[in-house]
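Protein chains in written order, with numbering that gives the first Met the number 0: chain D, 0 to 800; chain Z, 0 to 228.
Any given hint could be a false lead.
Stated by the list, open to error - Quick partial rundown of chain Z residues pointing at chain D, CB under 10 Å, derived from the structure:
| id | residue |
| --- | --- |
| 1 | THR45 |
| 2 | ARG74 |
| 3 | VAL114 |
Calculated from the structure, these hints are not laboratory results.
Here a beta-carbon is modelled for each residue, glycine too, at the ideal position from N, C-alpha and C.
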Amino acid sequence: MFQSFFKTSIRSLLRHKGYTIINILGLTSGVAAFLIICLYIQWERSYDNIVPDRENTYRLVQVQQAEGVGEQHVAVTSYALAPLLENSLPGLIDICRILPMWDRFYVIGDQQYEISNPCYADPSLFTMMGGEILYGESESILNDPSDLLLSESEATSLFGSPEEALNKLVEKGGDSYVVKAVFKDIPPNTHFEMDAIFSFQKADNLYPWLNSITNNTLTTYIQMEPGTDPEAFGDVYMQLAITYLEEAGRTDIERDDINRMYLQSVADIHLRSTHLKFQNNHNPGNYKIVFVFILVAGFIILIACINFINITIAQSVKKAREVGVRKTLGASRKSLIAQFFGEAFFLSLISVILAVALVELFLPGFNRIMNLDLYVDIVHNPLFNRYLLLIIIGISIIAGLYPALFLSRFDPVQTLKGSSEQIVGSGNILQKILVITQFTVSVVLILSVMIVKSQTHYVMTKDLGMNMDYVIRVPMKSHNNKLDVDLFKNAILKNPDILAAASASNINGVSGTQSTVHVVDSSSTEVQTRMGYIDYGFFKLMEIPLVTGRYFDESYGTDDAEAVIINRAMMEYLEWDNPLGKQFEPFYRDSVNRRVVGVIEDYNYYSLHWNIEPAAWRINDESYNMLGIRVQPETMESSLAFIEDQWDELFPKANFEYEFATDAARNQYDDLKRTDQVFGWFSILSIVISILGLWGVSSLNIDRRVKEIGVRKVLGGSVNQIMFLLQKDFLKLVALAAFIAMPIGWYLMHNLLSQFAFRIKINVWYFLGAIITALIVASLTIGVKAFRAAQSNPVEALKYE
Amino acid sequence: MLRLENIAKVFRTDEVETTALNNVTFEVKNGEFVAIMGPSGCGKSTLLNIVGLLDNPTSGMIYFNNTLVSGYTERKRAEMRKKNIGFVFQNFNLIEELTVFENVELPLIYLGVPVKERKPLVNEVLDRMQIAHRAKHFPLQLSGGQQQRVAVARAVVSNPTLILADEPTGNLDSSNGKEVMEMLDELNNNGTTIIMVTHSRHDAGYANRVIRLFDGEIITENLQTEKFL
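For reference, chain Z alone in the conformation it holds in the complex (with noise of 0.2 Å):
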């Protein structure tokens, strides 16, 4: 489903370079459940990005079902990070002025998908979540577990091939974060391809394959073949 070739991503400043990921190569399959992890700065979070087409590379390929995607315009990106990707953040990123039920709805007008048709596909999300009673509430007034299931109910609502999920439980007390981990867990047994940034081994356990990042660079990849939990 991903491929990446040689990716490299560097930030300049005036005087100073950083390279943030160096000469990343790897492959995602359809169905693969997989993290990454890797110290504070080792450069997960901009491969995330660079995974989610939010941000180019400075060099490289990107491969997206085979179509190389890595030279596309901010436009067609767009295009595609709608039609394909879901994203769960470590601090949500829900619209305060939105409800629950309208923050949802929102990749599904991006779609243009009828509004007919909009509003049975985010109450079977948000019953999914068991976050249908909040509907009509506003992000500030949920927890932080409630606002994390909705925007992983946000994330899955257009029916995404691939999630990426940066941190998704970072922000969580545990029991929180466990509830979170089941329903990517889920997703990802039903046929979603998860890719999720974390720091925690517990929540990695949940994948079919660990990616270590030290200073830009894969060190590790280590295949599990059975889910850790």
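If we strip away everything but chain D, and leave its shape as in the complex, we get (with noise of 0.2 Å):
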């Protein structure tokens, strides 16, 4: 009996070959993007899989009250706060501590080196947060002041092989550290990125200041037993903190005084902590986008299936006579479901099978364009080797549902008279509904892309109040003291083709340090401040306009132990209406007050997903990590000839390196540039699944009413009155279909949009074009169809009948 159903599946699959390239078609494509899009979140979710007990595993975050900035969570918490922990926090099974470090030039024998990623660490940090040793000490490391860890591709690097590393000295600035172990590479979905580990020991003794509860400069992570309670954690904090001050004295802090803490689960790190600052390097993910991407992976199926179950449909009155025939010679209904699960099974495993070859085609451009190394692992991974078969099953049954309970219901009398007209009647009304559907999703998906592009054109070319065209950002790297910055500064700028040249801590001014200053006035007010260190052309150099007073002028002699200047965020927050002049308490390594001498028009120093924070800018000649050069556009090429050659002279031993400022500033919205052209392909995708399915539905309909056309036109209907006829049922349901879509696209689009401090108003002109553009295409899409039946030759469409 089955072996029947396959033939004749089979034969009318290949007799109707444009529906089932339509549906063939549509499923392929929406399984393939269904897998890369899997694929895509499956890597997402899979950050901080090396950490080996990651339910229980958290780090700290901290909530601040920033004066001047209000509530922020930041996922740095001080050094001292550990051995507070280690002590009295109940549960607690391990604690570890992460240090980035900010220097990178290290001497071996007698060559400088650039080391990646180095950070101090905690010797919990292999048991705890994953790793392993490959090469050397495996127990009692990072004890000694001394212990260097190196990766394995850094010892590579560094010295030939990781054999070869071990036990080497590695210098810098009078100490030295020796090569006690090589570790794995850590994988690229862990959100802690290390090349090289030094011990605490070391950095105990470097930074006295390291040991202060008030300094938040690292991460710390703990370990607690099975089952316990994470949101607990908040409260016996907070006890341990007042028990902490009560000991040490501090009776004048109050309890609202402490800032709160809570944990985060490593598992939620990669794709929860956009809400964070401060999270040493690590770019995040959202899961906002991965959440869109499953809806664009959910759609495109959704609506593939849509295709299939309208083409079934509309092909029902065909159907319906082979239903009546087989049921006539006495076929049970229970035979025909598995008739027609039968054929969906077929359809969606040929689709499933065309989609894994797909998938392999178009993965590397996707690859590509996310930055990722997705790949196809039919053996290992569970996506293809179990979960591809729950898809077909799933495809199976949604595609297949409605024709195996609708037309095996069909009344074997009606449909060998014929009158199958009727009885497919009812399912007219769920074929009205899922276009419906499937056009509700791809307005919204339109809706969606446009809303998404103006965001991403915005990011790309707002206004941040500070020119970056033309302007090259040069690492100064192991060179960054002020009398290599001031040497080089000069050797180019003797080119009349460098316009001008400043150094700062980096491109954009600021540091990536918040500090609190405090005003000097009565009640030493507050502000927890963004600090900038700067040179004297810093300003000019950027062209960031004054709102009042001056830049700063080596002219005055003082400006580098006393000037500061801040910007309009900040003068506006301490409400001051004449600020020149205004005093700070001194900053840190300060030793007299710093009095403001300009303030600055607000220019985005970070990505627009923030707002513009109160800042404070000064000379700070220990912090110039690199030089700004702004070069004459028409001789680009030849003065970064000109500024290589000049290095290589100077500084033979550093490679010279450069980016262009306007570059560095874009590469903050990678993440919004990638979802902007995958959440584009994927949408162009779905919309042509979509148009499929309305040609091939409009087409069998129309086929359906070739009698009525030739009537109506034997009756002195026109072409125009026919096509509109024709044209007027499906675009009701599209524009009724763009109606459902508007809330949901402007909620999905509110929602993505609102990690962006700065962003475009969602207004009705997207929401027209959207409208507009499914009814161009929709028109179109049965436009073709529509014409040619209209302009057909009533005697054949009446014969025909």
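Using the hints, put the two chains back together into the complex; each one sits in its own frame.
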């Protein structure tokens, strides 16, 4: 019996090639897109799998009430916190701290080398956070100040091989470190990067400020006993902090003054950290983007299944006769249900096999866009060796359910009498609902693509308040001292095509730290301030305008020690009408008050995800990590060659590197750009699948109305009238779909854009654009077939019937 | 073999109630060839569908081999159909995706006849219907007459005791029509009971008895002691 079903199905598929292609094309591309998105989601969700007890390992997050900024959640804590918790936190198994290092230049033999991702870490690192020692000592590591561990790739790059690296000396500023062990490279789907690990025993000696409980510079992870309620940590910590402060004699501190602390599961770090500041180099993913991709994947599969169901409904007049014959000959309903599910299963199976081939074909392109290294592993990846079967069954059920339950119910008398039109009448309602669903999804996607594209364009082109065009950023590497910077700067400025050059901790002018500063007034007003370390020419170089006062000026002689420039946000927060001359208490490492000599306009020193917070700049020649150089646009190429020559002449042992400031700024939106591209492609795909489906359904429906068209033409109907008649019903559905899509699209996009402090407004034009696009696309799709039908000779139509 | 008592069939829509059959009572004996005649819309096909257990009457009783079958569920009716009744339609109703051989094989599949036994049965009946040379063709590759011969082959392959034919020559030219009628006649001569709906007096001439319907009621029931032709 099944052989007969199978034969009928295959031959039916072959006979109606056009519709079979629509179905297979839709399902194949839908499943391929679905699989690619699943691979991406798998990757995003696989972050930090390296951590052995991921379920019970947490990162400490601090909630600060920052004056001038408001509440902020920061992923950094104090070095001094760990001993406090170690002794008194119930349920604690282990604790580990990681502090990324800012200085990357070390000496091996008589050569200077740049080490990738150096950091300090506790000895518990490998047992608690994962990783594997491959060579050298695995016990009692990171206990000695001179301990140094290298990753396999870093050891190979520095010493030729991991074995060669063992016990070798690495030096810095008179201190020596010994390579004690080589560890397996930390996989890229880990939120912490490390290629060289130093002992905190050394950091303790080098940086006495590390032990201050108020200095939040590093990440603290704790491993708790299974079953410990992470929610309870907040109260426990608060009690510990109060006891600690009481024991330290600090009775002046109120409970409300103590920063709250909570635990963030390691499993959540990658995807649920966009609200956190100071994540120590980690560029987090975003669960909202993952959610949007899941939605798109679901949408694509849904649209492809809807095509299948719709085309089956449209073909049901033909199918009805077959059902009638089979039933007359004694087929049971059960066997017919099996037949229709079988057909859907067969089509899903072909589509899934083709889809896997398609994934292989398109994955490299997807990897390029997303900067990933995903691959198809049929043997080991459960997505392919287990869930693929579930996908096939799932699609078969969704796509086969309606035909199986509905068509199998057909009354043989009615179908054999040829009055199936009435029988399939109820299918028309479902068909309409499905077309509406399909186009609702398409309009949501069109709307979303338009909005994401606009936001991407907005962040790429928004005036940031500084001019980064034709400015290049040259990292000063180990030559980040004033002497070398001045030497290099003076050398390049001899060239008239180099318009200006200035140094700072980074091209955005801020250092990445946030400090509490106090105003010299009766209440010692406190402001959490972004600190900027720049040289005299930086604001002029970046063309950041003044609100009042002046830029730093070397000729005053005291600006480096006494002057500060603030931004408008700081001025407004402090409600200063006349900010010039106002004073701050001495900054970190200062000995005298700082006096405001100028106020600059607010500019976006960080990405548009964040608001512009109060910031203060001072001259600090210890933090000149890069030199910004503005070049005459016309002579960019020769100027770059000149700059490189000067570098090589002055610093022959260090490689010359540079990047355009605009690129550096735009790289902050890589995630958005990737989302934009991938989202765009997948949306186009789903719209194409919808169009294919609409074409198929409208064609079949028009075919069914051939006699009606003939009669209307005989009675004097014009081509236009008939075309309007044929398109009207579908366009009404598309218009209704557009109406339903609007609130859904608005909600999704509003949610996605909320991660940007600076964002476009979702106005009515986006909605109109999406609706008009959908209507035009639908009209063209139906129009071709409708035109042909309207043009046909009425006699033919009537004779045919 | 078949007894219908007071069969009525009423079709209802929201506004209209149509009585297709009213108080129809008749009996068909084993081996009879009965023709049902009457103008369009008189209820011929409705009657045939009820006799063929494809449809249920609104009221009345049907006895098949002295068993009351009019209250059967669809499952039981399907079971009765496949074991006892063969159908021949005016528009052939062959499945276009199946070959001639496969179309004829279909009733045997539903009866659960094993593959090995099916093949000789199908070949034998195709031979008998002189269509064996077209066994591998699809219905749309055949002429109307050939298609109807396949339909007759499909109706008889499971050796049913009753064949119901609904205007079997309605879509055929006269020579093809004659061939089909001769086939049915031969089947009847070999003992198969046949009930046939027809407009054609000529075709009705093959029957032993003609039942005439008008507006859903039997108006005459003529026993033809000798076949007309």
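Would you list, in rising numerical order, the hints stated earlier that this structure does not obey?
none
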